[in-house]
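A.B. asks: The chain contents come next:
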Amino acid sequence: MNISTENRNGKTILGLKEERLDAHNSGELKDYILKLLEDGHTRLVIDLSGVRFIDSSGLGALLSGYKNATLRSGSFVLAGLQPRVQSMFELTRLHRVFDIYPSLGEVPDSN
Amino acid sequence: MGGETDIINVEIVVPNQTRYLSLIGNIAEQVAKTLDVYTGDRDALAYHLNLVLTEAMVNAIQHAAAGDADKTVRVCMRIRDKDLRIFVYDHGQGFDLNAVPPPNLDALNERGRGIFFMRTFMDWVSYRKADNGNVLEMYKKLA
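From first to last, the protein sequence lines stand for chains A and B.
Read in the working numbering, the first sequence has 42 at position 42, and its numbers run on one by one without any break.
Read in the working numbering, the second sequence has 123 at position 12, and its numbers run on one by one without any break.
Only true hints are included.
Just some of the chain A residues that point at chain B, by a computed CB distance under 8 Å:
1. F53
2. D55
3. S57
4. L63
5. R84
6. V97
Where chain A lies over chain B, by a calculated footprint (3+ residues, C-beta under 8 Å):
7. 216-222
8. 225-234
It is worth saying that the hints were derived from the structure and are not from the lab.
Glycine residues also receive a C-beta, built at the ideal position from the N, C-alpha and C atoms.
Bound conformation, chain A alone (with noise of 0.2 Å):
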């Protein structure tokens, strides 16, 4: 899966360059977001701008991030929500869950 890493204001900003987030890649995801998580990159915000469809597998990556985040005390952000993958999350329920902004020049300095 092709993901950047920066770091900028002690969060660690995750961009997924995937245009599709689904079962063969979510798995990859899920790993990557947690060895972050384990080497001590606890205040993740996860870019989705450039993903244009979500299948519940990546659904499942997400959530998983964003509890393993929560157990270690942490911050886990989505930014960049296309319109149809926004609307998955308001389906399931997801977006009261997640911290959802716009971009990622929305993302409080706090999260």
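With chain A fixed as given, assemble chain B onto it according to the hints.
C.D. replies: Then chain B, alone, in the frame of chain A:
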């Protein structure tokens, strides 16, 4: 494409691997975007067909054939006028679709939303024995 009646038959056989999900999903999107009979939001339909086919294929790959890369998954899309039928065949042991409960959307389970998506975006879903294996069929009336 033309006239009031769309007749489309698409049949695809791919190896039993998740790397082919995008191929099948993209074909479903292209079919949705060409449907003359559909008067709703074709972009939304395209996403939903991509999604339900992706979920059905993942079920066939991961559960039904236990990731056996030598096996194949057969997918058929059939459109007759306003009737859209999708069939996904597998060679596994099968499962009882009616025993799959709706997910508890307030619980933070990492799995269990695939069949929910199929039931949400299609009019009905069935799963039964067929062709030395099983077939998951999804039906949608195109309005």
